[in-house]
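Residue strings, one per chain:
Number of protein chains: 4
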Amino acid sequence: MTDNDPLHAIDTMSEECGVFGVYGHPEAANLTYLGLYALQHRGQEASGILTYDGKAFHHERNRGRVADIFSESCLNRLKGHAAIGHNRYSTTGGNKLENVQPIVVNYALGTLGMVHNGNLINGNFLRDELEAYGAIFQSSMDSEVIVHLIAHSKRRHVAERVIESLGRIRGAYCLLFLTEEGLIGARDPYGVRPLSLGKIKGGGYVLASETCTFDLIEAEFVRDIEPGEIVQIDEKGVSSFKPFPKVAPAQCVFEYVYFSRPDSNLFGKNVYAVRKRMGRELLKESQVEADMVIPVPDSGVPAALGYAEASLIPYDTALIRNHYVGRTFIEPQQSIRHFGVKIKLNAIRELIEGKRVIVVDDSLVRGTTARKIVKMIRTAGAKEIHVRISSPPIVSPCFYGIDTPTRNELVASTHNVEEIRKYITADSLAYLSTEGMFRAVYNNSSEYENKHFCTACFSEDYPIPFTGEERVQLGLFEDQALPN
Amino acid sequence: MTDNDPLHAIDTMSEECGVFGVYGHPEAANLTYLGLYALQHRGQEASGILTYDGKAFHHERNRGRVADIFSESCLNRLKGHAAIGHNRYSTTGGNKLENVQPIVVNYALGTLGMVHNGNLINGNFLRDELEAYGAIFQSSMDSEVIVHLIAHSKRRHVAERVIESLGRIRGAYCLLFLTEEGLIGARDPYGVRPLSLGKIKGGGYVLASETCTFDLIEAEFVRDIEPGEIVQIDEKGVSSFKPFPKVAPAQCVFEYVYFSRPDSNLFGKNVYAVRKRMGRELLKESQVEADMVIPVPDSGVPAALGYAEASLIPYDTALIRNHYVGRTFIEPQQSIRHFGVKIKLNAIRELIEGKRVIVVDDSLVRGTTARKIVKMIRTAGAKEIHVRISSPPIVSPCFYGIDTPTRNELVASTHNVEEIRKYITADSLAYLSTEGMFRAVYNNSSEYENKHFCTACFSEDYPIPFTGEERVQLGLFEDQALPN
Amino acid sequence: MTDNDPLHAIDTMSEECGVFGVYGHPEAANLTYLGLYALQHRGQEASGILTYDGKAFHHERNRGRVADIFSESCLNRLKGHAAIGHNRYSTTGGNKLENVQPIVVNYALGTLGMVHNGNLINGNFLRDELEAYGAIFQSSMDSEVIVHLIAHSKRRHVAERVIESLGRIRGAYCLLFLTEEGLIGARDPYGVRPLSLGKIKGGGYVLASETCTFDLIEAEFVRDIEPGEIVQIDEKGVSSFKPFPKVAPAQCVFEYVYFSRPDSNLFGKNVYAVRKRMGRELLKESQVEADMVIPVPDSGVPAALGYAEASLIPYDTALIRNHYVGRTFIEPQQSIRHFGVKIKLNAIRELIEGKRVIVVDDSLVRGTTARKIVKMIRTAGAKEIHVRISSPPIVSPCFYGIDTPTRNELVASTHNVEEIRKYITADSLAYLSTEGMFRAVYNNSSEYENKHFCTACFSEDYPIPFTGEERVQLGLFEDQALPN
Amino acid sequence: MTDNDPLHAIDTMSEECGVFGVYGHPEAANLTYLGLYALQHRGQEASGILTYDGKAFHHERNRGRVADIFSESCLNRLKGHAAIGHNRYSTTGGNKLENVQPIVVNYALGTLGMVHNGNLINGNFLRDELEAYGAIFQSSMDSEVIVHLIAHSKRRHVAERVIESLGRIRGAYCLLFLTEEGLIGARDPYGVRPLSLGKIKGGGYVLASETCTFDLIEAEFVRDIEPGEIVQIDEKGVSSFKPFPKVAPAQCVFEYVYFSRPDSNLFGKNVYAVRKRMGRELLKESQVEADMVIPVPDSGVPAALGYAEASLIPYDTALIRNHYVGRTFIEPQQSIRHFGVKIKLNAIRELIEGKRVIVVDDSLVRGTTARKIVKMIRTAGAKEIHVRISSPPIVSPCFYGIDTPTRNELVASTHNVEEIRKYITADSLAYLSTEGMFRAVYNNSSEYENKHFCTACFSEDYPIPFTGEERVQLGLFEDQALPN
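Top to bottom, those sequences are chains A, B, C and D. Just so we're aligned: 126 in the numbering used here is position 90 of the first sequence, and the numbers increase by one with no gaps anywhere. Just so we're aligned: 215 in the numbering used here is position 179 of the second sequence, and the numbers increase by one with no gaps anywhere. Just so we're aligned: 291 in the numbering used here is position 255 of the third sequence, and the numbers increase by one with no gaps anywhere. Just so we're aligned: 41 in the numbering used here is position 5 of the fourth sequence, and the numbers increase by one with no gaps anywhere.
With the rest of the complex left out, here is chain A (with noise of 0.2 Å):
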């Protein structure tokens, strides 16, 4: 874990998105463009701006990184004191350009401007109702179902037609939308996805997925936008509204474990103190006598430490990142094969030959990866080797803008741990349990007993109601005895 990089990406929950708007500063497209660079690992296929200069709309989006797609030239174009901005992780739709946002449409009340991160439960039936109205989809991205119901509402205000377009749709989502009359937010009433809102020091206000955007851009840190809140700000400043009915929230708890960088500061914890915590929860519940603590870099950094500042043990970071892996190296495709991780990582035999050794990283998805930083571990002369996972046992797909394996594909779906053990050819193998998850959060604070986090993936227990319809659609099937 630690912050995303691009070596985890091999074997985990894959990223969702990250969404960044400005309101009220001369620069808003630069430092949209600073917050989407901060905010790379939440998605690095595509990335767009959409800026409004108080009389015409700039846009710009590619497929690629923040610092590949926006030229000096191209962030000269986006002139205007508003914009949104999104990096998308590409699911399901495919990687084509018109899937990547802001979504951007001219309707009836002028233009409106979109980004998302979540997904929604209800696209499809909502797509099927629209369409027999005569609305006409040109993405395969259930987003542009809420703009669509936007532009059939019949309120006067975009504020008012958001608000009545959300009451119809169910999922996660933190949306940001730009329009003439101003910046509007919103998180689900579950808030699933996390939303901040920051106070820029030049002036004028930001809506970001995560916090470490507000130190890049010299931002302050003002409040979570609640779950079920909908902000507006433009030039009278920001009014906050709270339209639906409460809920029991439902933060995705794996935020803390992976997804969110560790110098951000997320549903009032720091992420970093938080996976530290989670290491020593660890280290409590699954002790071992061992000569070093390794972290899988850099995601396994801050449980390793942790672990091993609370065990005694020595921490060595004897796993050694190539810095330059890019999303371009091929695979010679003869005899040497199946470099896999070799690539990215080389273990320091002087470091480990004789020893026996903890490895610690933040999850686990389908153990193949884990499988190979073991054996490579061993060819390193390791004695023993003891893998020890941060979090619990991932045993359910995410349906909330996570784009994860099937069912099948998620190791813990189908095996017990010692079945992993040996899968993974470890000596031994332990995760952290669901309460050492959440006293590590809560730091054994009083808060711990009132937790509101969604823990799906490790529980099964999906905290959105789903139709019969729609369990069928994704694949939750009523023997599985999910609520209704």
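It does not matter which identical chain is used: a pair holds within one copy or between any two.
Below are the EDC-like pairs computed for lysine to aspartate or glutamate, each with C-alpha atoms no more than 16 Å apart in a straight line:
{"#": "1", "residue 1": "235", "residue 2": "271"}
{"#": "2", "residue 1": "305", "residue 2": "389"}
{"#": "3", "residue 1": "391", "residue 2": "463"}
{"#": "4", "residue 1": "190", "residue 2": "164"}
{"#": "5", "residue 1": "411", "residue 2": "254"}
{"#": "6", "residue 1": "115", "residue 2": "89"}
{"#": "7", "residue 1": "378", "residue 2": "254"}
{"#": "8", "residue 1": "305", "residue 2": "386"}
Since the hints were made in silico from the structure, they are not lab data.
Place chains B, C and D on chain A using the hints.
Relative to the frame of chain A, chains B, C and D by itself:
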């Protein structure tokens, strides 16, 4: 330090070059591609591979990163059982395609390819002489002088011509030559740059700047090529020549400090282990009370771990890197300026606030980056900031293949430690002593007395003699009392 | 004229668009690629192809020329037995990728692709109406209105929805639709733009803007689609519908003058033959003594040949084209300026010196190019220069799909022939009369009396009625006494 | 023929190269860019420009067309008052960047740039000799030999070294050299390739392969450089040297037939006028009754006009070109194959049907294209097809800088006229005789007796002597009784 990551390139001695050669393996180009990939930290500006298939030579070279230059079809074109490759860090002569190695020429004996890591002292002098004899130069690289000397030799075999030609040059070099007669490797009599020999599991031999490449291609380390040794690898195996008078070796100690990858074994020692010991020695020399030890990622990690482990002060990676920092980042051009290090690093306030922190890095060149990092940590709330550098002050440029700033830009050349401390606004600053550095290298072994290293950048003690004219050309004047 | 070459684009009515569709051939995409290639003169800014293989639709589009856009792998992806394609000349809305056709949307009946040659009169009005019903627009093309009308229709079959929708639009259009139900072609009741039906030798049907495409793909001309006719081509063959009240046709006569390729047969006549007769009629109307007839290459060639042949004055191609003129030519920015036509044409002094020359071109729009050509011929030593234009003066813009300059830029809109002659510095200038033009079209046949053409650009006589509001939007005011 | 258009490249003697140089104009690079643009027909594979600004040389070269290679910023970098440029048609040695001219080298006297149009006979011999002296070759171009000879010379001035070096080479060449001492132009003693001197209106001189460039840059034709003449242009003006013994000139007559642009004046005659007279002579020699004369566009236009004018048979451009034919056209790979000429040309049935047609082209190399064109015209309904070629049969390859097919591919080398007629399926076929060709060149003037042309491709009469070894290398054997 650690592994020469993009971040560190802000303010360090710049990288130099990496060389890699294979003889006797059917996929020589694929192995060379992997080798260059693992040596990317030694040069990111350009790369090239030359192969020989027994009948024809095949050549690909371009500006950019290894993974971007060599496509699958490109590697398929590079047929042959023998290959040489090069990663270039552009120094003088600019980033022209003409200057990308391998140098490949047609001459009296057929075709000759060459790669060079190092720098010649008497290149200009030889160039003038060769031009007087009618030689034509295509590039601005001093390496080109060597192939001209070989072309002008009257000997019958390439190896003889190489020996004759190397007898005329002075400077630092590891050279690989590919010809119809086989692969030739040469290391200068001082052994300034590293060159190791490996045996490939599937058959054949490899010569490489660093041993980390052997792990990736599954080759076994055989031995280092000795200072002044020339090896020819062909169908008959490996032949060795030592035609030059013996001199005291002067291996580059800065390879330990920063250049080489931590998973390489260099001059007989593991680099990571040496660096960690440097941290320990640093603690012995400049202890200070503090609450935490922070590495500058990733270059300061091993020394910081060594320092923390020995001092029992907690270690935390409280500076978080943006893993997606690329070469193409455009700094927005208006009011939000001077991101410098902020775009690459962020300090975690929750960890640092109110703490006395020790920040460890491997070296300090201009001081500008250290100043920014200290400021960032101060802004995050640190109470005291103590900077510890795990190598001595850099006071003089390198003329042996490393792209250093001019003497005036080296902050330690013109300022004492207290002045530098003030400049970087730290509460204290300490460097490792030269003695401490060598204690770390030799791990207090008996070899210590017999150290054979070049320390010119720390000591102005240049091991390879200069003529008066060369001294003038290089900006080294009499009153600096250099050895003649 | 002649064949719409790059040169002529300097100063003419700009191209419009080309459409091409195939049904019932296993290589529909390849045929469409060839068809678009042969129609490149009708639009060079962007192209796209949509295919249907019985199960899925495949879509490729991009800015640029046909041969640059469609690579072999790209054509291989475009599987299917049915296809539509489009060449775009960018008019209003700019050269954005969103505006590249085919338009492809998902709607209630499935997927719908559409290409459009022409221009709607009441597009803005319909757009406002559709937006009020909740429609979302992605592009700035008025063509998008048509697919929204179809999506909002409640009919069960696409063809019925197309008929219902076309009943609501006014303007010039040739449309092709590709859906799961087959290929549909439609031509507006005035028949402004051409659309022909062909039968492919290897099986299947083709619909295309021009018959020159049939020669290339070895299709046989069947017949022109009639004004107001809608055809559906599917497994059952070709069905024809004529659902609209009959109006007097108003086919674009400028297709004969300039747009269509000379090897096409248009509205029943061969274009080259018509143009050559225009040259003959021009001679009858404006004879002059001279030593040679010179065409402006290549647009003036057929008329110049017709003029020379009838006058017995020798014909010479004394203006030589640079065949390598591309779109990317950079005019050096300093003292050597204003190459204009010189970069594309050169006059042969040896032929021209001391001669009285007649220069023939097909039309004269702004007059700026004619002025430069006259100057070039004068510099080459001509004694007298007589300019002859094989069409009437252009006095009014086209609103039916052709990108004309504004009225003020049309030199004949604001100047009489003598004033234009002075401006272009010719010794004499004559245009072909409207009557002469139609004599050439009908070759003095009896059809002449019954001519069914749009001559609005020559006469301001717009055949499709405008509302008052449309007149204002189009810049056509009352005092210009336009038909209502 | 006419102007060496993309079409003709299907089946002709391929282009060679074009050279252009400027001295004494502040925008030397811009003028050279324009000159190369006007010489694009002489080579489309690659281009380069070298400039000198009194202090430094600036160099840009690349594969592709002139207009694609030189961007505005690129031209701005090419500072200086002196420049040389080159268009390359890739012959042997392939299309490697190393082979793109200007050749630029550093040698004893400083920097030397060179461009070459032509071909050396004794290049291989000199290359071996130079390598024996230690020379290193970077490219596979024989032109590189010349710069090595210059580098090996001991003379003090470049011009002296050039003269000494040219004394050692045999072959066809027009050479331009750019050095610190000025611009040097050289034409071989036989004067095979053309080179003309012009005076630029704004100051300075120009040397160019063709005079059509002078019209574009507003330079005045001064004179042709004479066979065997060397000129140096510098601050003192133009100096001329004729250091070599006089030989009978052997100017390439094929420049008149095909290579040069019709608006150039070559060896004292206008090319278009010569070509038109070739058509007239062709009529005299091979009259036939027919209804129309058709040129193969654009190469056959002037001769067809000459033929038609003298015969009083009507002339029509009944073969229509697609003006958008580019290099990148992908022939669809399946059932629709063998487009060949169809993608570039289309015959107008309305003109041709039932007619006896005479088709005129400038030359006939392999016969494959002529065969396709005859078939196309026959399919369009022609009753009789008479092919007339305005030059003699090509029986032997060129060794003087033109890329001809091998002897076996030259249809007239192995077949008589009647056999060729059958192959191309024409009703009759006639070539212009050598005598007729020269009557056209000299316009029946008294010069005719004294003709100084190379006709080797028509006659096997090679004017530059070969050694026996060269004859073997070139595939010219004894029994072919070549001059020694």
